[in-house]
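Colleague: Model the full assembly from the supplied sequences, consistent with the hints where possible.
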Amino acid sequence: MAMIPLELLRHIFYHACLPTHNEETHVYEMFIGHNDRPMQHILPQVCRRWHNTAYTSSRLWSNLCIIWPPNVLGAVDVERVQGIVQRVVQRSGTAPLDIILLGNAWDKVAHCFIPEAHRWRALFVSHPFSAQQISEYRSLQDKLPSLEGLAFGPTPLPNVPPETLEEYANALSLMLSNAPRLRRLSGHHDLLTLPFPWKQIAELKIVGLPADPDSPSRFQSEDLKNCISVRVLIILGVAPKDNTNICMPSVQELHCPADANFWIGCLILPALRTLSISVNALHGLPGLIGRSGCQLSTLRIHIAPQDDSTVLALRAILAELPHLECTKLYLSERASPLRIVPRLASILDPVANGKALPVLAEFHLALVHTSEVDEETELMLRTALAVTESVLRPTMRFASVSLENARSRGGSLDEQVVLGLTEFVKLQLRARSEGVLTRVQLILSTPAKLSMDGGRVLMDSYLH
Numbered sequence: 001m002a003m004i005p006l007e008l009l010r011h012i013f014y015h016a017c018l019p020t021h022n023e024e025t026h027v028y029e030m031f032i033g034h035n036d037r038p039m040q041h042i043l044p045q046v047c048r049r050w051h052n053t054a055y056t057s058s059r060l061w062s063n064l065c066i067i068w069p070p071n072v073l074g075a076v077d078v079e080r081v082q083g084i085v086q087r088v089v090q091r092s093g094t095a096p097l098d099i100i101l102l103g104n105a106w107d108k109v110a111h112c113f114i115p116e117a118h119r120w121r122a123l124f125v126s127h128p129f130s131a132q133q134i135s136e137y138r139s140l141q142d143k144l145p146s147l148e149g150l151a152f153g154p155t156p157l158p159n160v161p162p163e164t165l166e167e168y169a170n171a172l173s174l175m176l177s178n179a180p181r182l183r184r185l186s187g188h189h190d191l192l193t194l195p196f197p198w199k200q201i202a203e204l205k206i207v208g209l210p211a212d213p214d215s216p217s218r219f220q221s222e223d224l225k226n227c228i229s230v231r232v233l234i235i236l237g238v239a240p241k242d243n244t245n246i247c248m249p250s251v252q253e254l255h256c257p258a259d260a261n262f263w264i265g266c267l268i269l270p271a272l273r274t275l276s277i278s279v280n281a282l283h284g285l286p287g288l289i290g291r292s293g294c295q296l297s298t299l300r301i302h303i304a305p306q307d308d309s310t311v312l313a314l315r316a317i318l319a320e321l322p323h324l325e326c327t328k329l330y331l332s333e334r335a336s337p338l339r340i341v342p343r344l345a346s347i348l349d350p351v352a353n354g355k356a357l358p359v360l361a362e363f364h365l366a367l368v369h370t371s372e373v374d375e376e377t378e379l380m381l382r383t384a385l386a387v388t389e390s391v392l393r394p395t396m397r398f399a400s401v402s403l404e405n406a407r408s409r410g411g412s413l414d415e416q417v418v419l420g421l422t423e424f425v426k427l428q429l430r431a432r433s434e435g436v437l438t439r440v441q442l443i444l445s446t447p448a449k450l451s452m453d454g455g456r457v458l459m460d461s462y463l464h
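Note that the sequence shown covers residues 1 to 464 in my numbering.
If you're looking for bench data, these hints aren't it; they were derived computationally from the structure. There is no bait here: all hints are sound.
Pair ranges (Cβ atoms, derived): (1) Gly290 / Ala202: 25 to 35 angstroms; (2) Asp414 / Glu79: 48 to 58 angstroms; (3) Asp349 / His118: 54 to 64 angstroms; (4) Ala304 / Gln132: 42 to 52 angstroms; (5) His323 / Ile42: 47 to 57 angstroms; (6) Gln132 / Gly83: 14 to 24 angstroms; (7) Ala169 / Asn245: 21 to 31 angstroms; (8) Gln132 / Pro162: 17 to 27 angstroms; (9) Pro162 / His118: 25 to 35 angstroms; (10) Gly354 / Arg59: 38 to 48 angstroms.
As a list, the in silico BS3-like pairs of lysine-lysine whose alpha-carbon atoms are at most 25 angstroms apart: (11) Lys108 / Lys143; (12) Lys355 / Lys426; (13) Lys205 / Lys241; (14) Lys225 / Lys241; (15) Lys225 / Lys199; (16) Lys328 / Lys205; (17) Lys225 / Lys205.
Predicted model, so just to flag it, every value in this text is computed and none were measured. Ideal Cβ placement from N, Cα and C applies to all residues, glycine included.
Modeller: Structure follows, in structure tokens:
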């Protein structure tokens, strides 16, 4: 280890400190009552070189998550924890700070970060309200010149007297009255009624409970009237209360993997270029395009179920999208991949039809399954490679296939096996002849972390 260059050692330390359950979200994680001694505090104890390297690597200390459960098991030495957090902030040097405070963490340790508020780049607070927050929000006025993103948890504002809520809103308004770089905002839809600097907000993420006809998670369409500059709109687990048309002229991207059928029926988005929805909402897409007069260039579809209705819906909608330049299809199968394999070719047949998508430049296919059987995994990958080859055409620049296997143990399918598959070789040969760049990924995750973007990469053809 003594021969490893300093920058490489810092890079190794960085990846050693990443939480395995939530990679790339934060680097330093302190879970009060569980592991209040993160890896960053262990590495310096090995030797003097490691001590100096860890303590001078601001990247290890500037992306933090403090989890303080409301009911911590056992006694907690609050002053000791606060001292640790203060030293962490000192070791971050002058680097931008990305801060996540969960549970009661704001009231316990936020004061450790406030003197360095000028370095805050992103802030996530799970608890949207407390008396202490009101006071400290006021103290942050004119002290957030670098803040780019602000997020709150998915819970609604508490049921408090109107005058208390007004006090909270006023404090929040003061806090953000001079935050010139703030562009991203996330939280429960109750926050839409608060005095944020809406003219600055370019990315808005609304979260809530799963939609239900009688659910309080539905909200009035006029709640969006302030979002006059939002270009990226993300809606999770919440639906509009009525079908009143909602015109949002600035929105260029809409990501709504669930409840999209509700939103597609009432939104008017003349600038829309990128759309991410589930396949069961495709029937409403012609209406959205007709009302909005928009031209979609990117379409991402979560496909479930994989049946004849899906094929018909895809074929019908793709015929009406002659300007589509990029499409990404997600398919997830929690049972046997053999349920997907016979239908992959028919599902992708509309995409393979060059006449339907004359300017298609990018195609992405992402598959997730939970099978423990290696032969089923290999068959699924072979089929995915074959159908992707059928999509290639001279107009394309890029095509990718990602297969994620969420299983409790590793399998025999690895890089060498994939590189030797006949379907992989044929895909590469066809791609070269058409001038298309391709990427094939094989990913292993766990059933508890079933995700399109998670897991450990076993094979990536970009590296060859």
